[in-house]
Amino acid sequence: MGNSKFKGFPGRGSFRHGVHPPDNKSYSAGAAIEVMPSPEQVVLPLLQHIGAPCQPAVKAKQQVVVGDVVASAKAFVSAPVHASIAGKATKPGVVTLPTGRHLPAITIKADKDLPVTSTQEIWDSLKSYEWDFAEIKGFDPHDIASAVHGAGIVGLGGAAFPTHVKLMPDEKKVIHTMMVNGCECEPYLTPDYRIMLEIPEAIVAGAMLAARAVSAKQVIIGIEDNKPDAVEKMEAAIAKTKRTVSDADIRVAMVKTRYPQGSEKQLIKAVLDLEVPLGGLPSDVGVAMSNVGSMVAVANAVIRKVPLTHRVMSVTGGGIKNPKNIFVPIGISVSEVIEFCGGLKPEAARMISGGPMMGFAFSDMNTPITKGTSGITVLTRDELAGGLETSCVRCGRCVEACPMNLVPTRLAMASRYGNVPLAIQYNINACFECGCCTYACPANIKIVQLVRTGKAMVAASKQNEK
Amino acid sequence: MTIVTIGIAAGTMLVMAVIMSYILGWANVKFHVEVDPRVEAVNNALPGANCGGCGFIGCSDYAEAVVKDNAPVNKCPVGGAACAAEVAGIMGIEAGEALIFRPVVHCGATADEKKGRTDYFGEQKCAAATLVAGVQSCTFGCLGFGDCVAACKYDAIHVEKGLAVVDYEKCIGCGACVKACPRNIVTMSLFEEDRVPAVLCSNKDKGKDVTSVCDKGCIGCKACTRIDDMFVMDGDIAITVGDGYSAEKVENVDKAIEKCPNDCINYVGKTV
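Which chain is which? The protein sequence lines are A and B, in order. Residue numbering for the first sequence follows UniProt numbering, beginning at 1 and increasing consecutively. Residue numbering for the second sequence follows UniProt numbering, beginning at 1 and increasing consecutively.
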């Protein structure tokens, strides 16, 4: 296959099925990360992750500075929320996120009397920080996990699963490999790519800390082969660690470019040739996986004691005047972010939180950027795949495209006609909504949307049984 | 083939038929199931709509439950009081009060009155659209894609201007629309009269958040609760008490309708 970089791993460097959508990353791939000025207010939803919602920890009109906890997490699978600007908190209001969740949110209004930490300072201090790799060996695994929990770190790739849950040392499930996900297979989006180019040392430091937390023997950083410069940068950063400071052996795995290579189950299959069982987690096969952005946050939290208050995101697509990668305070509104990138072009037609394959279309410009927002993609009418839906012709392209080996057309029709037992029989919950089936469907059937609806139906019917 | 062969075959069939008929006759006696004649009688008294509105699988299931498990005789929403009385007569008990329940759509805003309505090209079903944030700003209100219309077997609910409207002339109160609504805004309500007042909003948010998404939402001002105690607050939204209405309250209700700043209280029911 000519993939020389891939030698030395049990896997074949790819997975079965999947699709090759045009990646369109050129809009923002070349743009270095820019810093957003601090906004006048931020809106912090109390549930920005998968798991239990947070409880407000501030009173109305209470003054907070950057990094103060505004909502605390009582449950294990949950993550606290920190103030991303200095200012006065308000009573919780409500906000509707692009995912369709309607939840309480605390607004912080900037207060000029408070010491201002500008976003620029926060970014500069992160970028110029000299990571001491020798120090990492001195951290206790439990301290790492609790520091990660305290900093409110969640998966920054989009799903926003609390990271500390993955890094909690567990005697029952032995983790042998810490995998860092730098595939970024989603078209258009480039934040992970820019992070790998600009702050690779922070990723390596975070990965070594994460590996130490779970006592992993090796660290593998998975990157798609359409980002050779990122691979180079990461390898240079790894060389700096001299590989003697930690027990963990750190390597980069250059996997083949194919969507959805960045899905954890597909990446594990491609690199380690391990099959995560149906309904299982990577920890079931001894792997912990996290996104490169999350690794930076881990390094920040454990070594620099800085909680997750800012993130890197892309604002991209044909509908944006100047597509950019930007460093933003979490909770800033979409309208401000888009304005910073030159605003919308007249032909802009659809706004998506995330990328075009897995993202959520939304319309409210006041929607806040949350921890899980890896980008805002604005598509033009030309970029939108339109067309009337026609009947399923049983061509099987969705079956060929499905990386989970499901039968998407069956799931979609089971959902459309409310057949819950059939949906369960065909393992509807194994679908992670990558969108390959809908991309491949020649009849324009909205398969993923139907599957999402079907999942909600299955959940509702299980609720009724109780 | 000879006459003998045909004779043997015909004879065998004849003997077998006789034996089989005896077996059937014996089985009929041996495995006879005693059926309470009242089950049949109750079943005949029921309207036979098999709508499931009583909570049982169909009319015959309900009839059996009435006779064997002493289920209440006034459960049939289709038959109403007359049917309850007939069933009670068969069972030899008091009918009790046959309460009439009908669905009420707790949303009163047409597509124009809802804010943040956008073009939605996805699956044209409420169950799918409710998972998409951009369809309309209000996450509680009627989406108008008609899951309830598809569920109704009696053509008694329609979407008019993006809002589900019950046709109370045709509605038999089976409750299929209630189960179909993914946002749970259709509820079965007690109809003391042909027309009863209802709060036509389901938005549980605070006033400011409600006005930002809809012109006709309940802002929790409590004006109606001060006029009559049939209106009570449930958090930040007003609701009507289950059996609070009676014909004498017409004046108070008219006052409440007038007072409501966002016109979200109104009568529902048959047109008079």
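Where hints are given, some of them may not hold.
As the list claims (entries may be wrong) - According to the in silico footprint, chain B covers these stretches of chain A (three or more CB under 8 Å from chain B):
no.	region
1	83 to 97
2	353 to 365
3	445 to 458
What the hints assert, rightly or not - Mimicking DSS-like on lysine-lysine, the simulated pairs with C-alpha atoms at most 30 Å apart in a straight line are:
no.	chain 1	residue 1	chain 2	residue 2
4	A	Lys256	A	Lys233
5	A	Lys256	A	Lys91
6	B	Lys259	A	Lys91
7	A	Lys59	B	Lys204
Think of the hints as simulated: they come from the structure by calculation, not from any bench. Quick reminder that beta carbons are idealized off the backbone N, C-alpha and C, glycines included.
Tell me if the straight-line CA distance from lysine 256 of chain A to lysine 233 of chain A falls inside 30 Å.
holds, 18 Å
Checking one constraint from the list: CA of lysine 59 of chain A to CA of lysine 204 of chain B, max 30 Å. Satisfied?
Distance ~22 Å between lysine 59 of chain A and lysine 204 of chain B Cα, so the pair holds.
Can you take a look at whether the region 83 to 97 of chain A is actually covered by chain B? Rule is 3+ residues, C-beta closer than 8 Å.
With 4 residues in contact (Cβ-Cβ under 8 Å with chain B), the coverage given for the region 83 to 97 of chain A holds.
Against chain B, does the region 353 to 365 of chain A show at least 3 residues with beta-carbon separation below 8 Å?
holds (count 5)
Taking 8 Å as the Cβ threshold, is the statement that the region 445 to 458 of chain A is covered by chain B upheld or broken by the three-residue rule?
holds (count 7)
Pair hint lysine 259 of chain B and lysine 91 of chain A, alpha-carbon separation not exceeding 30 Å
holds, 29 Å
Check whether the Cα positions of lysine 256 of chain A and lysine 91 of chain A lie no farther apart than 30 Å.
violated, 49 Å
Against the hints set out earlier in the document, a violation occurs for number 5 only.
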